[in-house]
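Spelled out from the first residue to the last, the chains are:
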Amino acid sequence: MHIIGVYNIKGGVGKTATAVNLAYLAARQGYRTLIWDLDPQAAATFYFRIKPKVKKSKKLLRGKIDLDDVVKATDFENLDMLPADFSYRNMDLRLEDSKKPTKQLLKLLRPLSKAYDYLFLDCPPSISLVSENIFRAAEGLLLPMIPTTLSLRTYQQLLDFLQGHRITGLELMPFFSMVDRRKRMHLDIMQNFPDAHGELLKAQIPYASDVEKMGIHRMPVEAFSPNCFAASAYQALWMDVQERLG
Amino acid sequence: MAQHPVTYILPDELDLEGLKKIISESNRFFEESPVKVKQTYYDSFDWRLWQAGEELYQEQGENEKLCWKDRKGQLLPSCQSIDSAPGFAEDLPAGQLKERLSKLLEMRVLLPLVQVNQTRNTLRVLDIEEKTVVRVVVQKNHYSAVKGKNRGELESRILLQPLKGYENAFLKLKQQLRSLKLRQSEKSLYEDALQGVGRKPGDYSSKLNFRLDPDAPAHATARQILLSLLDTLEANIDGTRANLDSEFLHDLRVSTRRTRSAMSQIKGVFDPAQLEPFKQGFGWIGQITGETRDLDVYLLNYPDYRASLPTAIQDDLEPFHGFLQQHHKTAQAELVKKINSPHFRKTLKTWRSWLQAPAENATQAPNAMLPTAKLADRRISKLYKRVLKDGRNIGADTPAERLHELRKDCKKLRYMMEFFQSLYPKPAIRGLIRALKVILDNLGEFQDLEVQAHSLEDFGEQMLKEGAPASALMAMGILVGKLLERQQQARAEFVELFTEFSGESNQQAFKQLFGAA
Numbered sequence: 014m015h016i017i018g019v020y021n022i023k024g025g026v027g028k029t030a031t032a033v034n035l036a037y038l039a040a041r042q043g044y045r046t047l048i049w050d051l052d053p054q055a056a057a058t059f060y061f062r063i064k065p066k067v068k069k070s071k072k073l074l075r076g077k078i079d080l081d082d083v084v085k086a087t088d089f090e091n092l093d094m095l096p097a098d099f100s101y102r103n104m105d106l107r108l109e110d111s112k113k114p115t116k117q118l119l120k121l122l123r124p125l126s127k128a129y130d131y132l133f134l135d136c137p138p139s140i141s142l143v144s145e146n147i148f149r150a151a152e153g154l155l156l157p158m159i160p161t162t163l164s165l166r167t168y169q170q171l172l173d174f175l176q177g178h179r180i181t182g183l184e185l186m187p188f189f190s191m192v193d194r195r196k197r198m199h200l201d202i203m204q205n206f207p208d209a210h211g212e213l214l215k216a217q218i219p220y221a222s223d224v225e226k227m228g229i230h231r232m233p234v235e236a237f238s239p240n241c242f243a244a245s246a247y248q249a250l251w252m253d254v255q256e257r258l259g
Numbered sequence: 124m125a126q127h128p129v130t131y132i133l134p135d136e137l138d139l140e141g142l143k144k145i146i147s148e149s150n151r152f153f154e155e156s157p158v159k160v161k162q163t164y165y166d167s168f169d170w171r172l173w174q175a176g177e178e179l180y181q182e183q184g185e186n187e188k189l190c191w192k193d194r195k196g197q198l199l200p201s202c203q204s205i206d207s208a209p210g211f212a213e214d215l216p217a218g219q220l221k222e223r224l225s226k227l228l229e230m231r232v233l234l235p236l237v238q239v240n241q242t243r244n245t246l247r248v249l250d251i252e253e254k255t256v257v258r259v260v261v262q263k264n265h266y267s268a269v270k271g272k273n274r275g276e277l278e279s280r281i282l283l284q285p286l287k288g289y290e291n292a293f294l295k296l297k298q299q300l301r302s303l304k305l306r307q308s309e310k311s312l313y314e315d316a317l318q319g320v321g322r323k324p325g326d327y328s329s330k331l332n333f334r335l336d337p338d339a340p341a342h343a344t345a346r347q348i349l350l351s352l353l354d355t356l357e358a359n360i361d362g363t364r365a366n367l368d369s370e371f372l373h374d375l376r377v378s379t380r381r382t383r384s385a386m387s388q389i390k391g392v393f394d395p396a397q398l399e400p401f402k403q404g405f406g407w408i409g410q411i412t413g414e415t416r417d418l419d420v421y422l423l424n425y426p427d428y429r430a431s432l433p434t435a436i437q438d439d440l441e442p443f444h445g446f447l448q449q450h451h452k453t454a455q456a457e458l459v460k461k462i463n464s465p466h467f468r469k470t471l472k473t474w475r476s477w478l479q480a481p482a483e484n485a486t487q488a489p490n491a492m493l494p495t496a497k498l499a500d501r502r503i504s505k506l507y508k509r510v511l512k513d514g515r516n517i518g519a520d521t522p523a524e525r526l527h528e529l530r531k532d533c534k535k536l537r538y539m540m541e542f543f544q545s546l547y548p549k550p551a552i553r554g555l556i557r558a559l560k561v562i563l564d565n566l567g568e569f570q571d572l573e574v575q576a577h578s579l580e581d582f583g584e585q586m587l588k589e590g591a592p593a594s595a596l597m598a599m600g601i602l603v604g605k606l607l608e609r610q611q612q613a614r615a616e617f618v619e620l621f622t623e624f625s626g627e628s629n630q631q632a633f634k635q636l637f638g639a640a
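Chains as they are written, first to last, in this note's numbering: chain A, 14 to 259; chain B, 124 to 640.
Keep in mind that the hints are not guaranteed to be accurate.
[What the hints assert, rightly or not] Reference listing, derived: stretches of chain A covered by chain B, where coverage requires no fewer than 3 residues with Cβ under 8 Å from a Cβ of chain B: (1) 26 to 33; (2) 43 to 50; (3) 86 to 99.
[Claimed, not checked] Chain B side only, calculated, beta carbon under 8 Å to chain A, not exhaustive: (4) 188; (5) 201; (6) 202; (7) 203; (8) 204; (9) 218; (10) 219; (11) 223; (12) 252; (13) 253; (14) 254; (15) 255; (16) 286; (17) 288.
By construction, these hints were calculated from the structure, which means they are not laboratory data. Ideal Cβ positions, reconstructed from N, Cα and C, are used throughout, including at glycine.
Kindly produce the complete structure, drawing on both the sequences and the hints.
Given below as structure tokens:
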């Protein structure tokens, strides 16, 4: 099972849209795919029309119930979801109580590895014990970045954090998100960033109303507007990710 | 509680509109536009997937995918997208499907068996968030043969498909439909379609499975066995000719060998003079098929050969692969010529008419009228005794030829036990065949590795003449060394294995079954 975290310290960068659309593309390709909405805001859960409620969520985090029992099928073949739960806002505290607080998530996920080919983790923003768990559990980390100076700063913060905590072997996959080609600053940053960061993925996700419309249609872009620009951008991104993870 | 999908037969008095009406009484649903798909079902020639309880089909509709389903497990199929028709497992895209298929199919190719054209109307039962909680799929089905014009209608089906996490909605709908008194389908769509084109799952197997009458005269039983072997041989001719996979030729050769063994070992049931030309005929078939089979074996072993070398020189072996492929092509073309020859056809045709000729003209041979069970007991005990005697005389210094001789005798014994196994209690005879197989595997390894090592040396010389690079020959040299090492290991293991085989408990078992001393 490939575990892919979708993450940024900043919120509102197109993180959930990325997780939802890529998970959909993986499933459509035939891979048994699970998306776990770890963000208490429950946006991914909303996009799939699932109720943001997990029975006995506290027990779940302690590994006392089977993850498989709380999985919900989405409306799409091969694509299941572990919905968000409001109690996830306290996940940090619960993890802290456990024996190996930084590796708890990895332990929870192990039993799923036979049932799924891909697991997407839609992560809450900020750096916390939850994110550290994700960094240690995931094979790859997708980092949507709006091409602004502030984004670059938070990316550097993340690199420092990973180095400081000796987290190695995590495939970092930053890419530009919510790109507005009319903005001079976007274009400048996109031109200069790759020089210092070879890990940048080629695909870019545009700032597009189709992505925002996901909230109205409550489904992945590809499912309601397969020929739009944003849909092909996510396809390109998914191809980049598959190539990077081999 | 996880729920399994349920399939009902759509009764004549109910149609899609009627079903919609009933569902709408207590549910909101969304009707998807109808979808037309074509499913092509696949299995190997010897039904390996069917035997493992699996169904495999390629579905062509909006997109193309390969789906895999447990026949009895009632689960929904798992699918993977593919862009061409499936063939060998090794050529499938990486993933779970490939892993599962590789294990079952090994070297066998997938063949299309039957097609189903399906029109699907899907009703999605929705909850208050307009989230789908159950799928109801009405399927109209037509089967058609892969080649030819055989086609027809199959029963329409209603599939109730639960969604994980929404089991209650599924149970509720099932309850609501109860008043319709729907009948659950007993057979899968695949089984229905196969029946439509007149195929029976498992209608070919290379395994011997005769049901013999212990009191029948031995000559009649011998004919029965030989006819069945001829059927198997002939069933493999087309696949061998087209080289669909290497197993067709292998099965053809095995039935040839078994035929020759049956002719010589079911002794004294036919007139030897009448049998002689057929013995020669099957000897010839063994001969003309040998080279292609040998090359098949080297090609099948190639990945192992390669992997047994140090990583740094694995690529050096590639010219050898090319050499094998080139020579296989030539040998195969030669083989096809022989198979298409009048002599080949005539050999099999006269053999069949001889076997089917009325019994009267058959025989004054000494054992012809002996009850089958008696002949089987007698021949098997005799062969067993010979194997025991020869095997026990083999020590560390015995020349290799004696082991080769022993292997031949063990093979004869095995074939005889397999031909006549239905006459004996199943667990007992199966156990002894298994025990014998351990010895045969060991002797086979010993001899095959030697043959392979020598052939590799010959191939090397040929390749040298054809201008192969020195690095390839050196890699082959290392390979020969490895093969001979393994051969020595097999030799070293023989005495211990044979001591176990010839031990008291097997002797008792043989004695009990066949009256052997």
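Taking the numbered hints from earlier one at a time, note which ones the structure violates and give those numbers from smallest to largest. 1 and 11
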